[in-house]
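Spelled out from the first residue to the last, the chains are:
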Amino acid sequence: MDWLNILIQGGLLGGLYALFAIGLALSFGIMRLVNIAHGDFIVLSAYIALWAIQATGISTLASLVIVVPLMFAFGYALQRGLLNFTLSGGLLSPLLVTFGISVIIQNVLLQVFGADIRRLHAGAIETASVAFGGIAVGAYPLLVFAVAVIAIAGLQFLFYRTTLGRAFRATSDDAGTAELLGIDNRHLYAMAMAIAMVFTALAGVLMAIRTTFDPAAGPIRLIFAFEAVIIGGLGSLWGMLLGGMVLGIAQAVGAALSPTWQILAGHIAFLIVLVIRPSGLFPHTRD
Amino acid sequence: MAGFRVERSTKESRWFAVVLLLVLLALATLPYWGGPGDMRLVSEMAYYLALAQLWNLLAGYAGLVSVGQQAFVGLGAYAMFYLASQFNIHPLIALALTAPITAAISVPMALTMFRLRGAYFAIGTWVLAETFSLGVSLIEPLGAGSGMSLTPAIMMQIAPDRDGRDLVLYWLSLAIVAAVCAIVYLLLRSRHGLALTAIRDSEVASDSLGVDTFRTKLVIYVVTAACTGVIGGFIFLQKLRLSPEAGFSVNDWTVVVIFMVVIGGIGTLEGPVIGMLVYFGLRELLADYGTWYLILLGAVAVAIMLTAQEGLWGLVARRFNLHLVSVRRHLIR
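Note that the protein sequences, when read in sequence, are chains W and Y.
For the first sequence, my numbering assigns the number 6 to the initial residue and increments by one for each residue that follows.
For the second sequence, my numbering assigns the number 40 to the initial residue and increments by one for each residue that follows.
Any given hint could be a false lead.
What the hints assert, rightly or not - Chain Y is faced by these chain W residues, among others (derived, beta-carbon under 7 Å):
no., residue
1, S98
2, L115
3, Q116
Unchecked claim - A few chain W residues that face chain Y, going by a derived Cβ cut-off under 8 Å, partial list only:
no., residue
4, F90
5, N112
6, Y145
7, L147
8, I228
Bear in mind the hints are in silico, worked out from the structure with no lab data behind them.
Computed from a predicted structure; not experimentally measured.
Note that beta-carbon positions come from the ideal geometry of N, C-alpha and C, so glycine has one too.
Put together the whole structure using the sequences plus the hints.
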């Protein structure tokens with residue numbers, strides 16, 4: 006019974022990791038951009054929510070109305086004004102530019118908000134639970150998991166049922182040819198980053214209710230997102246969710262052994278998958 | 040085709056070799072005309088330059104952009120501390136032994152990480168370094184979370200008094216940076232160097248021309264790991280105290296180093312030197328501004344990547360057609 010409980014809690018935690026993974030996977034899938042600052046964007050979103058709550062007094066979940074559009078605009082501007090110029094220069098340029106952005110964001114957050122450990126509160130839902138048979142499942146983790154499922158279903162709809170999604174897939178397959186056929190890649194990439202930031206914002210606020218954060222909390226979120234993507238398999242939408250769940254379960258099992266094992270167990274699960282199945286558990290594309 | 044010959048050195052590179060030797064000699068005599076503060080600074084600059092040259096070799100030439108070099112700094116330091124304190128091995132011999140140890144550990148790491156392409160390799164190496172950091176903090180003989188110290192008895196083996204130890208460690212830092220620069224230089228001038236330059240310019244093209252890219256990259260990764268391990272051992276031999284957070288710090292041993300190489304000029308041997316000097320210059324100037332200093336450093340790195348990818352040295356080299364350290368082949372009539 007205890008182990009079943011761990012499996013369920015870990016699997017639900019995977020929903021949050023899948024949300025972390027979406028932004029990273031989108032920018033890689035569409036423009037081959039590995040965003041080292043991704044974790045810092047998650048934490049930035051949490052801080053914007055904190056600021057919005059303090060400034061206007063709205064509830065935490067309602068702050069999404071402010072955080073999501075802001076991050077959407079930020080993503081568009083960042084890609085159009087900065088990151089697009091790195092894409093022609095091979096691998097190194099986008100990597101090191103986002104690396105620089107990561108250091109800038111961490112230190113700006115430190116300067117503005119200080120080094121205090123923060124947390125957002127969402128009221129009664131934080132402690133509410135739902136009983137399934139003999140197992141009590143937290144309502145909030147369940148909500149986050151549901152959001153992740155809806156987010157991935159939404160992405161699937163976007164990619165396979167809309168004109169924008171078709172353009173994304175075309176550019177992902179062959180950017181040059183897509184441009185010849187009239188797609189404005191600069192705008193399209195900016196849209197992709199903007200949409201990635203929507204999910205990043207969502208992930209940031211949902212994370213901030215569940216765990217604490219501080220200005221230096223970004224890199225470990227990048228690592229979780231990355232592990233979920235690689236375990237799931239590059240380019241696979243539902244693989245991301247399953248990758249997140251595998252990671253979450255590994256961490257939950259580790260944590261059950263000893264608190265120091267929690268994150269280490271996640272890393273080990275990632276390394277095992279990398280050794281046994283380097284293309285991930287549910288591969289879709291190869292880069 | 041008679042009348043052509045291939046030259047490896049240029050007039051300025053021969054002059055520069057002489058200048059370099061003089062600088063090294065001047066620095067070696069520093070203990071006799073400078074203070075202990077100067078020695079500490081030069082020694083820190085020396086090991087950072089060595090780390091920068093190695094990261095540059097890895098990222099700038101072999102295309103292996105690693106954010107996980109702190110793994111080898113930490114492993115080297117732990118190997119040195121463990122050998123010196125558990126087996127009573129002379130600390131300098133223990134330091135030398137870190138090279139084969141980190142090299143041996145790096146082989147399975149490379150075989151795993153090379154499965155990740157391009158930028159995902161970067162994050163993968165970072166995860167691996169984090170894994171080591173967390174793993175070490177669980178191992179009791181390595182001091183677990185609280186770390187290890189080198190006792191006075193161990194340090195006495197280097198020299199009986201503190202001034203003597205400082206002197207030995209100072210010269211050792213110069214020897215290490217000179218050796219690392221020489222290794223990188225000779226490696227780049229060797230067959231591997233030619234293969235590496237080809238890989239840097241186009242991996243696909245060099246692959247199709249018969250360059251064994253996998254093997255070349257593996258050699259570079261292992262050599263870099265061994266050298267980084269020795270540097271890590273040296274850094275903590277100076278600090279005397281080692282903890283998982285300090286040994287495997289991504290900020291101290293990789294982020295700073297990446298900034299140096301990017302600002303100075305990636306893919307050149309002169310670049311890391313310029314970048315190291317700029318970094319320490321900015322640090323002395325802006326030390327009082329704390330976080331603003333790191334924000335500025337990040338902004339400079341972003342600006343350089345966007346406008347002048349070849350870095351400060353690249354700008355100079357292109358403007359004046361200057362190559363102080365020559366690893367190229369020049370066709371002379």
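A quick look at each hint next to the structure:
no. : hint : result
1   : S98  : 5 Å, holds
2   : L115 : 5 Å, holds
3   : Q116 : 5 Å, holds
4   : F90  : 6 Å, holds
5   : N112 : 4 Å, holds
6   : Y145 : 27 Å, violated
7   : L147 : 29 Å, violated
8   : I228 : 6 Å, holds
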